[in-house]
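J.: Chains as they are written, first to last, in the working numbering: chain A, 1 to 53; chain B, 1 to 402.
Since the hints were derived computationally from the structure, they do not count as laboratory data. You may find that some hints are simply not true.
To be verified - Subject to a maximum C-alpha distance of 30 Å in a straight line, what follows is the list of computed DSS-like cross-link-like pairs (lysine-lysine): (1) B/K220 <-> B/K367; (2) A/K26 <-> B/K271; (3) B/K69 <-> B/K368; (4) A/K26 <-> B/K357; (5) B/K368 <-> B/K220; (6) B/K214 <-> B/K40; (7) B/K368 <-> B/K222; (8) B/K214 <-> A/K26; (9) A/K26 <-> B/K234; (10) B/K41 <-> A/K26; (11) B/K214 <-> B/K368.
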Amino acid sequence: MEAISVALTIYALGFVITFLIAVMIKLMMFTIRLLNRRKPDKIDEALLEGEVS
Amino acid sequence: MDVLTLFQGIGTLVMAEPKIAIGRIVLVLLGMVLVYMGAKKYLEPLVMIPMGFGMSAVNAGMLFLEAGKVGNLLIDPLVTETSALVSILQIDAFQPIYTFAFSNNLIACIVFMGIGVLCDIGYLLAKPFTSMMIAMFAELGTILTFPIAVNLFGLKNEAAAAISIVGGADGPLVLFSSLMLAPELFVPITVIAYLYLSLCYGGYPYLIRLLIPKELRGKKIKTASRPQVTSQEKLMFSIIACTVLCFLLPAAAPLLLCFFLGVAIRESGEKNYISLIESTFLYAATFFLGFTLGILCDAYTLLNPTILPLLILGVIALAVSGVGGIIGGYAVYFISHRNFNPTIGIAGVSCVPSTAKIAQHEVTAAKKSTLIIQYAMGACVCGVMTSAVLTGLYITIIPMLR
Numbered sequence: 001m002e003a004i005s006v007a008l009t010i011y012a013l014g015f016v017i018t019f020l021i022a023v024m025i026k027l028m029m030f031t032i033r034l035l036n037r038r039k040p041d042k043i044d045e046a047l048l049e050g051e052v053s
Numbered sequence: 001m002d003v004l005t006l007f008q009g010i011g012t013l014v015m016a017e018p019k020i021a022i023g024r025i026v027l028v029l030l031g032m033v034l035v036y037m038g039a040k041k042y043l044e045p046l047v048m049i050p051m052g053f054g055m056s057a058v059n060a061g062m063l064f065l066e067a068g069k070v071g072n073l074l075i076d077p078l079v080t081e082t083s084a085l086v087s088i089l090q091i092d093a094f095q096p097i098y099t100f101a102f103s104n105n106l107i108a109c110i111v112f113m114g115i116g117v118l119c120d121i122g123y124l125l126a127k128p129f130t131s132m133m134i135a136m137f138a139e140l141g142t143i144l145t146f147p148i149a150v151n152l153f154g155l156k157n158e159a160a161a162a163i164s165i166v167g168g169a170d171g172p173l174v175l176f177s178s179l180m181l182a183p184e185l186f187v188p189i190t191v192i193a194y195l196y197l198s199l200c201y202g203g204y205p206y207l208i209r210l211l212i213p214k215e216l217r218g219k220k221i222k223t224a225s226r227p228q229v230t231s232q233e234k235l236m237f238s239i240i241a242c243t244v245l246c247f248l249l250p251a252a253a254p255l256l257l258c259f260f261l262g263v264a265i266r267e268s269g270e271k272n273y274i275s276l277i278e279s280t281f282l283y284a285a286t287f288f289l290g291f292t293l294g295i296l297c298d299a300y301t302l303l304n305p306t307i308l309p310l311l312i313l314g315v316i317a318l319a320v321s322g323v324g325g326i327i328g329g330y331a332v333y334f335i336s337h338r339n340f341n342p343t344i345g346i347a348g349v350s351c352v353p354s355t356a357k358i359a360q361h362e363v364t365a366a367k368k369s370t371l372i373i374q375y376a377m378g379a380c381v382c383g384v385m386t387s388a389v390l391t392g393l394y395i396t397i398i399p400m401l402r
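Please build the complete structure, drawing on both the sequences and the hints.
T.: Below, the structure written as structure tokens:
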């Protein structure tokens, strides 16, 4: 019985860790895309203020 | 002069006890069969050809060493005492490769780096939950084999965990875990694992045909648009995932580091590095991996009573993982309102990129125009990650049970 509970514990922990990795991937992709979307705005602002020619 | 003393390969065979003599002859013949099967592409040729040669040569080339002991001049994997090891390093031709590159997992790490360079993680980043779910289902063998090994075969926790990792279908991880958990079974477990991983090529297509009807195997996945993931995103993911996983599972850090470094090098576009790792490191490591495995297969090492349970458990682990992967494929199929091909599930078993290729091959056989390789590679890469996670968990948790 102990072996079964150990195996199930490992499987449950594995599920939790992989779920967290999946969440991390989603968050990371969201952040990267959010930051990338902001870039053109910043360039526009800089152009308006004459900082970039 | 006695003929048997002159030709010691034959002399040691004649003088050996029948079990060993028969074992040597069988292994010599098996080595030849492996070379043939590898050359004909029935089994993985990159591993099987050097392995078969090594296996035949080591079992043929036995001789009488000092004090009437029988051995070979290729390798001695069982030597542990430092002064004896230093002597062996000067005598046995391939002992340096075993001691300095194989038994410390260096070859496995290089193979993992090569796998990282080959892997496109685009689909994994676009659909992480789907890929991870399939991969976790495909770890069923890694989980179920452990209680079977302990309760039915009476193996110790460490040995049971080491053989269970075969279900993850990742050679380097099996090598790593057996070294960490059951070094006394390192040679047989590693040899069994690599033999069986090559057999995936032959066995999994039948499993797919048995469990998935033809119309489902040929099913196309309808997508509104192809998921776009940039190299920058993949690069950032590789460094973040590597760091986070190393925090969580330091025991698997060498393998995680090498895998994600490979991914990062691929995505950085450094052509010189990519070419160096892909065409030099990976092939060299795979060659020496196969070759070293072959010369480890001498009858004296393999013919011990612990091997039979390991042989059975290895089959159970891989078969259950295959079935688990297909169950995962079906689970995603139903969750996504039947817009998924369950054959992709087998790719979650990892064994990059063999299982993904098997999945695509079976799908093409069912319907020529269906392309699932990008989805299969996503599941395959996740299989590597989940195998690394479960290996790390086994390595961390099992020693706590002592």
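J.: Which hint numbers doesn't this structure obey?
T.: Structure breaks hints 3, 8 and 10.
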